[in-house]
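Trainee: So you can see what is in the structure, the chains are spelled out below.
Number of protein chains: 2
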Amino acid sequence: MINQYKEQLKEHNLKLTDKRLKLIEVLAGDEKYMSAKEIQSKLADYFPTISYDTIYRNLHTLTDIGVFEQTSLDQEMHYKIACVTHHHHHFICERCGVTQVVEYCPVEKWQNELGDVKLNSHKVELYGYCEKCA
Amino acid sequence: MINQYKEQLKEHNLKLTDKRLKLIEVLAGDEKYMSAKEIQSKLADYFPTISYDTIYRNLHTLTDIGVFEQTSLDQEMHYKIACVTHHHHHFICERCGVTQVVEYCPVEKWQNELGDVKLNSHKVELYGYCEKCA
DNA sequence: TCCTAATTCGTAATCATTCTGATTAAACTA
DNA sequence: TAGTTTAATCAGAATGATTACGAATTAGGA
Ligand SMILES: [Mn+2]
Ligand SMILES: [Mn+2]
Ligand SMILES: [Zn+2]
Ligand SMILES: [Zn+2]
Chain A
1 MINQYKEQLK
11 EHNLKLTDKR
21 LKLIEVLAGD
31 EKYMSAKEIQ
41 SKLADYFPTI
51 SYDTIYRNLH
61 TLTDIGVFEQ
71 TSLDQEMHYK
81 IACVTHHHHH
91 FICERCGVTQ
101 VVEYCPVEKW
111 QNELGDVKLN
121 SHKVELYGYC
131 EKCA
Chain B
1 MINQYKEQLK
11 EHNLKLTDKR
21 LKLIEVLAGD
31 EKYMSAKEIQ
41 SKLADYFPTI
51 SYDTIYRNLH
61 TLTDIGVFEQ
71 TSLDQEMHYK
81 IACVTHHHHH
91 FICERCGVTQ
101 VVEYCPVEKW
111 QNELGDVKLN
121 SHKVELYGYC
131 EKCA
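In the order they appear, the protein sequences are chains A and B.
Going by UniProt numbering, the residue at position 55 of the first sequence is 55; the numbering climbs one at a time, nothing skipped.
Going by UniProt numbering, the residue at position 111 of the second sequence is 111; the numbering climbs one at a time, nothing skipped.
Hints may be right or wrong, so weigh each one.
As the list makes no split between identical chains, a pair holds if one copy fits it or if it spans any two.
[What the hints assert, rightly or not] No more than 16 Å apart at the CA atoms, straight line, and that leaves these computed lysine to aspartate or glutamate pairs for EDC-like:
| # | residue 1 | residue 2 |
| --- | --- | --- |
| 1 | Lys132 | Glu31 |
| 2 | Lys118 | Glu131 |
| 3 | Lys132 | Asp116 |
Just so you know, the hints here were simulated from the structure itself, not pulled from any lab data.
Given only the sequences and the hints, what does the whole structure look like? Please build it.
Mentor: As structure tokens, this is what we get:
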């Protein structure tokens with residue numbers, strides 16, 4: 001499954017660096033939203049001196065090509081590995097960031113209600129505490 | 001209608017200051033999400049030296065008591081006057097921040113789908129360009 | 001192996017937001 | 001109305017996330 005991400009990098013002419021691969025590994029290994037700080041602390045096990053510039057740059061780059069998805073929580077951007085299957089949304093634990101899939105999305109009803117206005121995107125996020133954190 | 005906000009301040013033992021009243025006036029006068037910077041530039045007409053501390057403090061305070069509502073756009077918190085009628089969401093213009101009401105909200109379907117997990121809150125935001133900005 | 005553009009590094013800068021300690025003023029009381 | 005109390009404001013420093021920059025390194029192709 002990591003190979004699929006290597007593909008995506010190649011498709012966009014991005015080099016396969018050790019930092020990028022480990023970054024993907026970290027996010028792919030935990031289905032939750034993580035802050036840059038959390039991510040750097042996980043990467044620090046492998047690259048103790050990795051630059052924040054590298055982390056932020058790659059979070060942006062990989063979000064741009066659809067490997068990650070992002071959301072703003074508590075004034076900080078958080079990232080998770082992207083869901084590539086079908087359109088859906090997430091429940092997000094406000095304590096630990098862990099996510100749970102939410103299938104139902106009435107985007108066509110919303111588009112109907114809006115009429116002419118063109119919908120570029122939409123955000124649906126459900127918040128609460130996961131079973132562990134409750 | 002400004003009187004209703006004065007009530008709310010009194011109910012929470014908050015003083016009626018000139019800054020607070022003008023802040024409410026500014027947000028109530030334009031049904032859109034505004035950043036702290038935008039807000040301070042509007043307030044500057046009346047209070048050229050108003051402190052950012054005053055702006056941020058009051059944005060928080062008034063959001064806490066339900067006078068304003070907030071959302072994070074582009075890494076910046078944005079505020080608008082709260083909708084006090086019934087539960088609903090908004091379409092938000094990505095250029096100018098103007099909002100349009102979206103009535104349909106399937107929160108009970110989502111709660112059903114989630115089962116046990118307790119839902120604390122939810123965010124639904126539809127993005128695009130308003131007629132003016134399109 | 002060599003070249004070159006992309007990537008990373010270390011660090012400084014930026015920008016939104018928060019904090020602090022001193023000053024002001026709203027609201028209550030006499 | 002004057003006095004008292006305490007919340008609110010102010011100016012400016014501090015914080016914390018994010019971005020920028022010039023120099024050094026490296027992936028990937030020739
Ligand atoms: Mn998902
Ligand atoms: Mn709703
Ligand atoms: Zn949790
Ligand atoms: Zn607009």
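Trainee: Each hint: holds or not?
Mentor: Status of the hints after comparison with the structure:
Within a single copy, Lys132 and Glu31 get their C-alpha atoms as close as 15 Å, which meets the 16 Å cut-off; across copies the closest is 40 Å, which misses it. For the homomeric pair Lys118 and Glu131, the shortest alpha-carbon distance between copies (9 Å) is at most 16 Å, but the shortest distance inside one copy (38 Å) is not. Taking CA atoms no more than 16 Å apart as the test, Lys132 paired with Asp116 passes between copies only; the shortest distance there is 12 Å, against 44 Å inside one copy.
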